[in-house]
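For reference, each letter of the sequence shown is one residue, going 239 to 867 in this note's numbering.
Please note: incorrect hints may appear among the correct ones.
What the hints assert, rightly or not - Straight-line Cα separation of at most 16 angstroms, EDC-like style, residue types lysine to aspartate or glutamate; simulated pairs:
#	residue 1	residue 2
1	Lys241	Glu659
2	Lys800	Asp707
3	Lys815	Glu761
4	Lys383	Asp402
5	Lys241	Asp664
6	Lys792	Glu761
Please keep in mind that the hints were generated in silico from the structure rather than gathered at the bench.
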Amino acid sequence: MSKKTVLIHSNFVRAFTGFGKNKKNIMRYLFDTGKYNLVELANGIDWSDPATETVPWTCRGSLPPQNQLQTMSPDQQRSASYGSILVDRAVKEFKPDVYIGIEDIWGFGDYHTKPWWNKVNTMIWTTLDSLPILPQAVDYAPKIKHYYVWASFAEKAMKELGYDHVKTLRGSLDTSVFHRFNDGDRQKLRNRFGLSDEFIVGFVFRNQLRKSVPNILDGFKMFLNQNPNSKLLLHTHWSEGWDIPRLLEEKNIDSSKILTTYVCNKCLNYEVRPFTGQEQKCSNCGADKTVNTTNTGRGVTEEQLNEVYNLMDVYCHPFTSGGQEIPVQEAKLTELITLVTDYSCGEDSCTPDSGGLPLKWSEYREPGTQFIKASTCPTDIATKLSKVYNMESSERRKREKISRQWVIDNFSIDVIGKKLEKIIDDMPPIDYDFDSDGKINFDPSYQPQGQYSSQEDFIIDLYKNILKDNVDRNSAGVKHWVAHLKKGAPPEEVVKHFQGVAQQQLNNNQTTELSELLDKDDEGKRIAVIIPESETDVLLINSLLKNLKKLYKKYNIYVFTKPEYFCFIDDNPYAHKVMHYNPALENSFLLEGAGDHEGLFSIAFYPNTTTQKNVSYLHNGLDKLQFTI
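Based on the provided sequences and hints, a complete structural model is requested.
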């Protein structure tokens with residue numbers, strides 16, 4: 239029996255990211271089994287980057303050439319950086335039996351519309367970090383055969399929405415690197431940095447908004463007032479994110495009580511001490527201005543990071559939300575009791591069987607996304623630090639050992655690798671009897687048959703058999719059309735609408751030239767409105783078209799969106815045509831013209847973008863201002 243070909247798509251295995259480290263671990267595990275033809279599609283490098291030759295399996299980069307990227311809009315570039323363009327080439331060339339995508343869920347965009355998606359065994363393994371679950375993650379659920387998340391809270395939330403096929407598969411960790419030193423070596427390490435019997439609280443993190451620095455400072459200050467022989471080690475970069483020196487001054491915290499990690503860019507020596515600014519002189523090699531707080535450009539090695547953990551007496555990780563928070567697991571491997579915010583992925587790490595302690599939090603809503611985020615209670619941080627500080631040594635050591643074993647049992651390469659191996663082995667081999675370059679075979683001739691148990695089932699049947707789109711009761715389009723039916727819309731008219739959309743898509747598939755789909759008698763009098771998603775945005779656009787038509791009376795308005803959102807706008811009398819969205823439309827120079835290219839539209843509007851995309855509001859000087867300030 240021939241080997242299955244497995245295409246694994248994520249950050250390059252040499253990338254120092256959570257996705258990169260996980261991918262390295264599982265690819266090494268699968269490679270060592272000798273059971274598969276492994277192919278790596280690596281985000282972050284070009285297709286033929288020399289680095290692709292440094293791994294023992296077949297590897298290709300997912301980034302298009304720079305000259306191609308430079309012609310793309312920011313949204314196109316973002317999508318391309320996740321591999322949306324070259325993944326088709328990889329599937330066509332290597333013909334995988336199994337495709338495994340490991341990234342943020344938005345990185346997979348319209349993958350479910352690709353002609354190979356439902357032919358190949360497809361698996362998405364993603365991080366979801368907040369409630370309510372990201373709408374994209376919910377909308378994609380019925381379209382993903384094998385759907386895995388990194389934390390059990392996400393699995394629970396998806397199951398509550400009716401998606402029982404969503405399961406937890408935690409990100410893998412190399413448990414051999416991080417370990418606890420014996421007491422003698424721990425003391426020698428402390429002496430190296432001028433530490434003796436201080437109680438060291440540690441926090442390892444990327445300095446960004448979702449890491450709750452003000453909260454841990456407030457909590458530590460309360461704890462410090464009762465336990466003055468204590469220090470807080472913030473292993474992070476002090477020149478991004480939170481302004482830590484300013485916070486220390488505002489909160490009147492003695493800066494000598496706050497430690498950080500410095501590393502030399504030249505000799506790679508590191509030291510732990512209070513913050514004294516950036517670009518310091520190296521005490522080891524003597525180089526000038528080469529020493530900075532650890533950062534993504536120059537950090538410590540994993541062996542050095544293991545030493546940093548071994549300086550700590552307890553680990554505290556307050557955060558707003560997270561996909562897995564790997565430093566928590568690393569700290570546990572060094573046999574530290576971990577205090578973790580009892581929300582998001584933190585729910586897994588603060589249970590008694592994990593050796594951790596939960597931190598209480600209060601809810602706030604993130605502007606824009608409306609996600610529930612956690613503000614960790616400083617008082618509880620102080621309380622839990624005191625609990626560990628005053629804990630009997632025997633009880634503390636018991637919890638510390640539990641911490642390490644829990645990570646080994648739930649995150650080790652062997653454990654996660656075996657689970658992934660079984661998932662792959664249970665998938666059938668694929669016979670490539672289809673054209674991976676083909677288009678979706680929409681069926682405008684389909685007529686619904688028989689009786690349906692519910693209006694939802696009727697609409698789902700239309701989506702699946704006419705538009706070839708896997709949807710379920712939670713999908714926005716299904717809810718929209720059910721609401722129409724309940725308001726008295728004739729079922730036959732709904733069917734006719736779906737058939738019309740399918741026919742239009744078939745027409746679109748017959749040509750690659752947008753110009754051929756536009757009316758011939760309105761050249762020079764066309765306006766494009768590009769609004770790819772979501773249902774809310776498309777609905778809101780309805781209210782703008784009347785005014786847009788008032789401003790441009792002699793122009794035809796073409797609205798471009800994804801087929802599943804046609805129903806929200808195609809009956810608007812001010813929309814001349816509602817057409818299929820394509821990422822190429824994000825290039826305003828293509829639509830409006832630039833240089834020798836005349837363009838297809840007088841003006842292209844991108845209401846889903848911000849003014850950070852300055853190319854979206856140039857419009858050849860033809861747009862009319864509604865107001866000024």
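How the hints compare with the structure:
With a CA separation close to 13 angstroms, the supplied pair lysine 241 and glutamate 659 stays within the 16 angstroms bound. Among the hinted pairs, lysine 800 with aspartate 707 is consistent with the structure: their alpha-carbon atoms are about 12 angstroms apart, no more than 16 angstroms. The suggested pairing of lysine 815 with glutamate 761 holds, with an alpha-carbon distance near 14 angstroms, which does not exceed 16 angstroms. Between the alpha carbons of lysine 383 and aspartate 402 the distance comes to roughly 11 angstroms, so the proposed pair stays at or under 16 angstroms and holds.
This hinted pair checks out: lysine 241 and aspartate 664 have alpha carbons roughly 13 angstroms apart, not beyond 16 angstroms. The suggested pairing of lysine 792 with glutamate 761 holds, with an alpha-carbon distance near 11 angstroms, which does not exceed 16 angstroms.
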